[in-house]
Amino acid sequence: MSANAKTSIHQTDQALGRLAKRKAKENRFRYAGIAAVVIAMVMLGWLVVSLVGTGYTAFFQHYLTITVTLSESDLDPHGARDADQLRKANYRKIIQQALYSRFPDVTDRRGKRSLFHTVSASGATNQVRQMVYQDPDLVGRKITITVPTSDDVDQLLKGHIDRDAPEDLRKVSDQQIEWVDQMVASGDLTLEFNWRFFTSADSRDPELAGIAGAVVGSIMALGVAFMLSVPVGVGAAVYLEEFAPHNRLTDFIEININNLAAVPSIVFGLLGLAVFLNFFGLPRSAPLVGGMVLGLMTLPTIIIATRSALRAVSPSIIDGALSLGASHTQAVFHHKVPLAASGILTGSIIGMAQALGETAPLLMIGMVAFVTEIPTSVMEPASALPVQIFLWSDSAERAWAERTSAAIIVLLLVLITMNAIAIFLRSRLERRW
Amino acid sequence: MEAAQTNYIGSIGLKPSMGEVIEMMASAPATETTKTKFECRDVEVFYSDKRALHGINMDVPDSGVTALIGPSGCGKSTFLRVFNRMNDTIPNARVAGQILMDGQDIYSKDIDPVLLRARVGMVFQKPNPFPKSIYDNVAYGPRIHGLALRKNDLDNIVEKSLVRAGLWNEVKDRLKEPGTGLSGGQQQRLVIARAIAVSPEVILMDEPASALDPIATAKLEELIDELKEKYCILIVTHSMAQAARVSQKTAFFHLGDLVEYDDTQTIFTNPKDQRTQDYITGRTG
Ligand SMILES: Nc1ncnc2c1ncn2[C@@H]1O[C@H](COP(=O)(O)OP(=O)(O)O)[C@@H](O)[C@H]1O
Ligand SMILES: [Mg+2]
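Chains as they are written, first to last, in the working numbering: chain A, 41 to 473; chain B, -18 to 266.
Hint data in this document are derived by calculation from the structure and do not stem from the laboratory.
In this text, all values refer to a predicted model and were calculated from it rather than measured experimentally.
For glycine and all other residues, C-beta sits at the position ideal for the given N, C-alpha and C.
Treat the hints with care, since some could be wrong.
Label pairs and their in silico Cβ distance ranges [to be verified]:
(1) S354/A x E182/B: 40 to 46 Å
(2) P355/A x S29/B: 28 to 34 Å
(3) K153/B x I461/A: 37 to 43 Å
(4) S29/B x R58/A: 22 to 28 Å
(5) K153/B x P355/A: 47 to 53 Å
(6) M81/A x L236/B: 58 to 64 Å
(7) N150/B x M81/A: 53 to 59 Å
(8) R58/A x L236/B: 45 to 51 Å
(9) S354/A x E25/B: 42 to 48 Å
Here are a few chain B residues that face chain A, going by a calculated C-beta distance under 10 Å [said to hold, decoys possible]:
(10) S29
(11) N65
(12) P72
(13) R75
(14) V95
(15) R175
Chain A with its partners taken away, still in its complex shape (with noise of 0.2 Å):
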């Protein structure tokens, strides 16, 4: 037994040596494989680092408190408390009169204009108009306040403007940055959670901009998306996969389907400009016509996964019930479709993440543009969430920056969150039985 162990081919030196070079070679494979993935891993973990670092601060924001009088000498001379008076009247000087008379000492008109450039001068003044003009009862009495800060002390104050730089260079002057200590020693000028970031729609000054209109934007563009191209999609692909003859036509249609899959998508969006803008006439801008793009842009998508899935379906099953005389009709529905579910669905919610990710086609179709209310129809103007990012990145200032990179944060968010359902909705409906 040992004499013959020891004449084995497969004992010898040369087949070891063959065995040592093999084994090399396979652990050469492995660590290859190990340095790519830790490539990968390095560059996403660089790419949410610095996201969640500019980013992060965008969540909180500035505020100050102050005291404002709403005098009926200002306000409202005639007393007539008229809708329309109210809303007209000065709020930009009683909110400047609130800080003249925090800091009396300063008298000189620079000094003054310098002082009230330290709150966001539209946000305090709408906030205080608002606020009289739900409710009258206010004028003429004394209230307190806590309004935005301007982007400039937010940024200071988070460290994002330097203190040591020459007073020429820098956004702040050396008199704002002693106020600005004064009213954070006194507790008026506080670090808050930034709601208005997810509650206001786009605007000039980046202390008052939020997502909230882009992302309603988005979500009615994805609305309209999902309502065409799921139906349509899901029906075309279980109409051509089950009931369409097999001829020159069907795999001329099916060729396309999967080029389609591979248009870029900015052609998509002048298929929307010359369509449903120039020829159907419908609104620039609106989440109707951004949807319907984003539609047909998902479609090839939805078809390719709902064939796949179709096709992935035991065909024993269906034998099963043709065997027990249904017909095919009744075999697709009752049992391939339903089985196929799971695989239909998360390639719609794939294909839906794509489409919100999707920035190029509505530049098309002009949903870039500067909209400050939130859209409540898909008719409106609105933006979309990564049309939203596109616009902030244009601009240079730190504020911009930071709010640039927590809308890619929160959009990041959705898509991950939308993935994680897809795949939560796949092993879930896989494992029912």
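Please build the complex by placing chain B with the ligands on the supplied structure of chain A, with the hints as guidance.
For chain B with the ligands alone, kept in the frame of chain A given last:
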């Protein structure tokens, strides 16, 4: 492989081996002549241009079990699918010739394959219960054919079918559980119950035991023995011992030809054709 399995079953005392079966049959009274269920006249099946069956002529009796045997690829499954027109569902498959069921051509224009399949049930090689509850598996056929008007009727059909398939006692407390959670043998009996539920006249079985262990196989054969009292059964099997045990008639196929068709007893004791003899003695196949 065939021999090994036969011996195994024989040795653990589950079922008599093929030799024992043949001895028993030799002493059994000759089968009485019965009515004909199917008459096949020059049946040919083509896959694209390839002819898989070459003009089969064969009468299937109304009662009892008819076994189809032969080496793999000889066309047994193809022939079985002729009887419920399942070949219609295979793209490129084409059937020529005449198959009469109770004297009526099942390939004529006025026969709807969907209704034919309700009369001719089928059990496949791999158990294929629907990924639904045990109850819904059995209830599916009656539902699509509208056989039960009330829930109560449906419950009765489900129970009766499961009883007849010998599965009721094992599953009666878990009808709501998935059919795919049963063991292989139970799944195969569930599929039989599912077929029985639509009250077919004929049950086609394509190697129903090939995915089962010997004990489940024995149970299935027992069931087939009971079912033959009520249904005309055609069974494809690669186990000659099984054919010998369960069938009264046996047809031997070879390369698309029906070589020999006779009483099972005759085929196994006194085959006329050399090819049949070679196959059943294990020299080919
Ligand atoms: N769907 C099909 N398409 C093309 N050829 C087929 C198909 N099914 C079976 N065949 C061919 O027909 C012949 C008979 O097959 P089959 O009836 O499955 O044999 P068996 O069941 O006896 O093993 C084989 O040559 C097989 O290759
Ligand atoms: Mg077969």
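Quick rundown of the hints versus the structure:
At roughly 28 Å, the beta-carbon separation of S354/A and E182/B lies outside the given 40 to 46 Å, and the hint is violated. Between P355/A and S29/B, the C-beta spacing of about 19 Å breaks the proposed range 28 to 34 Å. A hinted range of 37 to 43 Å for the beta carbons of K153/B and I461/A is consistent with their spacing of about 39 Å. For the hinted restraint 22 to 28 Å between S29/B and R58/A, the CB-CB distance of approximately 47 Å leaves it violated.
Evaluation of the 47 to 53 Å hint for K153/B and P355/A yields a failure: the beta carbon distance comes to about 31 Å. For M81/A and L236/B, the Cβ-Cβ distance of about 60 Å falls inside the hinted range of 58 to 64 Å, so the restraint holds. Distance hint check: the CB atoms of N150/B and M81/A are about 56 Å apart, consistent with the given range 53 to 59 Å. The hinted window of 45 to 51 Å between R58/A and L236/B holds, with their beta carbons roughly 46 Å apart.
Checked against the hint of 42 to 48 Å, the pair S354/A and E25/B fails, with Cβ atoms roughly 30 Å apart. Of the supplied interface hints, the one on S29/B is violated, with its beta-carbon coming no nearer than about 13 Å to a beta-carbon of chain A, more than 10 Å. Interface restraint check: N65/B against chain A, minimum CB-CB distance 6 Å, threshold 10 Å, status holds. This hint holds: P72/B has a C-beta 8 Å from the nearest C-beta of chain A, less than the 10 Å allowed.
At about 16 Å, the closest approach between the beta carbon of R75/B and any beta carbon in chain A exceeds 10 Å, and the interface hint on this residue is violated. The beta carbon of V95/B is positioned within 10 Å of a beta carbon in chain A (closest approach about 5 Å), and the interface hint is therefore held. Nearest Cβ of chain A to the Cβ of R175/B: about 7 Å, under the 10 Å cut. The hint holds.
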